[in-house]
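Trainee: Sequence:
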Amino acid sequence: MKKTIEVISERNSIYRQRVELDGFEDLFVDVPEAYGGEGSAPDPHDYFDLSLGACKAITSQMYARRKKWPLEGVSVKVNRDDSEERRGTYRLEVVMTFHGIEDPEQLARLEEISHKCPIHRLMTASTVEVTTRTTSAAEA
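Just so we're on the same page, the working numbering is the position in the sequence shown counted from 1, plus 3.
Everything labelled a hint here was simulated from the structure, so no lab data went into it. Accuracy of the hints is not assured; some may be wrong.
[To be verified] Simulated restraints on C-beta separations: (1) Ile61 / Glu88: 18 to 28 Å; (2) Ser139 / Val98: 43 to 53 Å; (3) Asp46 / Thr135: 16 to 26 Å; (4) Ser139 / Ile61: 36 to 46 Å.
Beta carbons: idealized from backbone N, C-alpha and C, even for Gly.
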């Protein structure tokens, strides 16, 4: 499946970007003030990290629903350690709380299932190929 996401600079060349994605409105990306941005929206790393947390929550909920387990909701915290990113190591710790589930075996299974979410697998087991090309404004 192919999908196009368009990112458009805004606000007189400051770093804030507006994102157009299949009719969703009000998606923005910025960088923190410490890096010259306005800090007016999540930065690209935030979106990377939250994608993992959201995917794990959704995958767990789908599994619990299929099993008819009493899962009432999922809370996820993603803790980032980017202190060694420039050396090639980016660490994410994901802490999940499964509300309504008390059975230790079900809890362990939900955690295990969360590791199989598409974003977790994409981040840890896939080869991602990125091709970048430049076009003129007239061609865009």
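Trainee: Next step is simple, just say for each hint if it's right about the structure.
Mentor: Hint check:
Ile61 and Glu88 have their C-beta atoms about 26 Å apart, which keeps the hinted 18 to 28 Å range intact. At roughly 47 Å, the beta-carbon separation of Ser139 and Val98 lies within the given 43 to 53 Å, and the hint holds. A hinted range of 16 to 26 Å holds for the C-beta pair Asp46 and Thr135, which are about 20 Å apart. Restraint check, Ser139 to Ile61: a C-beta distance of roughly 39 Å satisfies the suggested window 36 to 46 Å.
Of the numbered hints stated above, none is contradicted by the structure.
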